[in-house]
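J.: Given only the sequences and the hints, what does the whole structure look like? Please build it.
Chains as they are written, first to last, in the working numbering: chain A, 1 to 101; chain B, 102 to 428.
Among these hints, one or two may not hold up.
[Unchecked claim] Pairs of lysine-lysine residues, derived as DSS-like cross-links and limited to a Cα-Cα distance of at most 27 angstroms, are as follows:
{"id": "1", "chain 1": "A", "residue 1": "Lys13", "chain 2": "B", "residue 2": "Lys189"}
{"id": "2", "chain 1": "A", "residue 1": "Lys13", "chain 2": "A", "residue 2": "Lys70"}
{"id": "3", "chain 1": "B", "residue 1": "Lys106", "chain 2": "B", "residue 2": "Lys423"}
{"id": "4", "chain 1": "B", "residue 1": "Lys423", "chain 2": "A", "residue 2": "Lys13"}
Hints are computed from structural coordinates only; laboratory data are not their basis.
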Amino acid sequence: MANLYCVAVNRGKGFITSQDRNNFDLRGYPGDVLVVEDNAHGVAWINREGTTKTKAEAQAITDAKVDEYKAAWDALTEAEKTNAPSNAGANILQPQKVTLP
Amino acid sequence: MATYKGIKGYTVQKLSSDPTVEDTVGQVWYNSASNVLKISIQNVTPVAAWSAGGSLLNNKQGPGGCGIQGAALCAGGWEDSQLTQTEKYNGTSWTEVNDLNSANSYSGCFGVETAARNAMGQGGSENESYDGTSWSEEANASAGRNGPGGVGTINAGRCYGGSPSSVNNEAWNGTSWSEENNLNTGREHIGACGTEATALAVAGSPPNTSAICEEWNGTSWCEVNNINRGRTSTSGSGLTTAGIVMGGDWNPPFVTLADQTETWDGTSWTETADLTYARTHTGSSQNAPSTSTLLFGGNMAPSGSPYNTVCEEFSDPAYSTKTITSS
Numbered sequence: 001m002a003n004l005y006c007v008a009v010n011r012g013k014g015f016i017t018s019q020d021r022n023n024f025d026l027r028g029y030p031g032d033v034l035v036v037e038d039n040a041h042g043v044a045w046i047n048r049e050g051t052t053k054t055k056a057e058a059q060a061i062t063d064a065k066v067d068e069y070k071a072a073w074d075a076l077t078e079a080e081k082t083n084a085p086s087n088a089g090a091n092i093l094q095p096q097k098v099t100l101p
Numbered sequence: 102m103a104t105y106k107g108i109k110g111y112t113v114q115k116l117s118s119d120p121t122v123e124d125t126v127g128q129v130w131y132n133s134a135s136n137v138l139k140i141s142i143q144n145v146t147p148v149a150a151w152s153a154g155g156s157l158l159n160n161k162q163g164p165g166g167c168g169i170q171g172a173a174l175c176a177g178g179w180e181d182s183q184l185t186q187t188e189k190y191n192g193t194s195w196t197e198v199n200d201l202n203s204a205n206s207y208s209g210c211f212g213v214e215t216a217a218r219n220a221m222g223q224g225g226s227e228n229e230s231y232d233g234t235s236w237s238e239e240a241n242a243s244a245g246r247n248g249p250g251g252v253g254t255i256n257a258g259r260c261y262g263g264s265p266s267s268v269n270n271e272a273w274n275g276t277s278w279s280e281e282n283n284l285n286t287g288r289e290h291i292g293a294c295g296t297e298a299t300a301l302a303v304a305g306s307p308p309n310t311s312a313i314c315e316e317w318n319g320t321s322w323c324e325v326n327n328i329n330r331g332r333t334s335t336s337g338s339g340l341t342t343a344g345i346v347m348g349g350d351w352n353p354p355f356v357t358l359a360d361q362t363e364t365w366d367g368t369s370w371t372e373t374a375d376l377t378y379a380r381t382h383t384g385s386s387q388n389a390p391s392t393s394t395l396l397f398g399g400n401m402a403p404s405g406s407p408y409n410t411v412c413e414e415f416s417d418p419a420y421s422t423k424t425i426t427s428s
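T.: Here it is, written out as structure tokens:
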């Protein structure tokens with residue numbers, strides 16, 4: 001499946017409808033990046049809600065956002081990391097790079 | 102040429118708005134407001150999909166959640182510390198309402214928007230009830246447990262599991278908590294479906310790839326078929342005959358966020374429409390049916406702090422209204 005890439009800020013209700021989801025596939029990633037199935041409905045949705053990006057541009061935006069998350073995580077004390085409820089139990093893992101499909 | 106009146110015995114009705122779909126399956130009408138011909142149908146193949154709901158007012162992960170898709174409650178949660186914030190959803194947008202008395206997150210939360218309970222969690226053995234306006238403290242649970250499964254109504258509820266890898270199972274009768282038969286496998290951050298009388302404990306951790314599913318039959322917990330994608334920190338809703346779990350994460354070697362949604366038919370789990378935003382530590386409209394539920398908040402890059410306001414609505418209707426076109 002070919003993909004399109006865009007940046008689109010989730011504005012809440014109506015941003016993505018059930019009909020949209022039945023017409024094309026899409027996935028959201030850090031940095032308001034969305035990967036959209038390349039068909040006529042997907043193109044129309046990007047024109048309605050977002051700004052088209054190349055894959056490289058979209059990956060750079062997501063990388064920058066994950067780097068922000070990592071920096072924030074690294075700035076925590078060991079105690080804060082241990083007590084963070086989202087840590088992975090015994091395995092304290094920092095936010096991971098996301099590779100766009 | 103055959104006419105509609107010749108086949109059906111009456112002409113196509115002209116209506117200014119669509120009738121109730123469940124009551125009109127197989128019927129055709131002309132919608133005079135939109136100038137189109139429409140028909141009500143029963144969906145033979147699933148049309149399940151997630152769509153965008155109104156965003157939460159505040160970023161948070163691990164909130165308590167209950168109610169139904171069009172009338173949900175989001176209680177507490179975590180944004181670098183535990184929260185007391187409570188938000189209500191009306192099917193379109195969230196409104197901030199009176200706070201919890203005690204900050205809490207990763208609680209067992211159940212009931213409806215006008216009569217709910219938020220118990221245990223990071224806040225310890227706390228137990229608060231909500232009357233649609235404000236929260237009141239009530240008899241504490243025997244022990245504080247983080248991330249229990251929670252199901253039921255304000256006066257008939259159940260919390261099970263929770264950290265550290267607890268097997269405990271407590272029922273609330275409107276006045277006090279009582280210990281009942283334990284889970285077979287201790288877990289925390291459990292996905293929960295059902296009622297006080299019959300419930301599911303889905304996945305959870307440790308390990309963070311657990312696929313175990315147990316069913317409470319009113320007396321004891323029995324192992325039933327595993328979920329397809331083992332994970333922890335899912336959210337659930339629905340019943341033991343028609344349940345749903347969504348989101349979560351699994352690890353190691355690194356945290357992988359789940360966009361998977363799985364539905365339970367009383368016997369086995371089936372993958373259905375994926376979330377748009379894979380995330381973990383979400384809240385859900387715990388008491389909604391599996392065909393119409395809500396998922397909100399969560400974390401998109403754990404173990405970090407990108408808590409979010411994203412809200413998604415799941416819909417898998419049995420019936421649909423279709424516009425008739427020449428194609």
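J.: Decide, hint by hint, whether the structure agrees.
T.: These are the hints, each one checked on the structure:
| no. | hint | result |
| --- | --- | --- |
| 1 | A:Lys13 <-> B:Lys189 | holds, 15 angstroms |
| 2 | A:Lys13 <-> A:Lys70 | violated, 30 angstroms |
| 3 | B:Lys106 <-> B:Lys423 | holds, 21 angstroms |
| 4 | B:Lys423 <-> A:Lys13 | holds, 22 angstroms |
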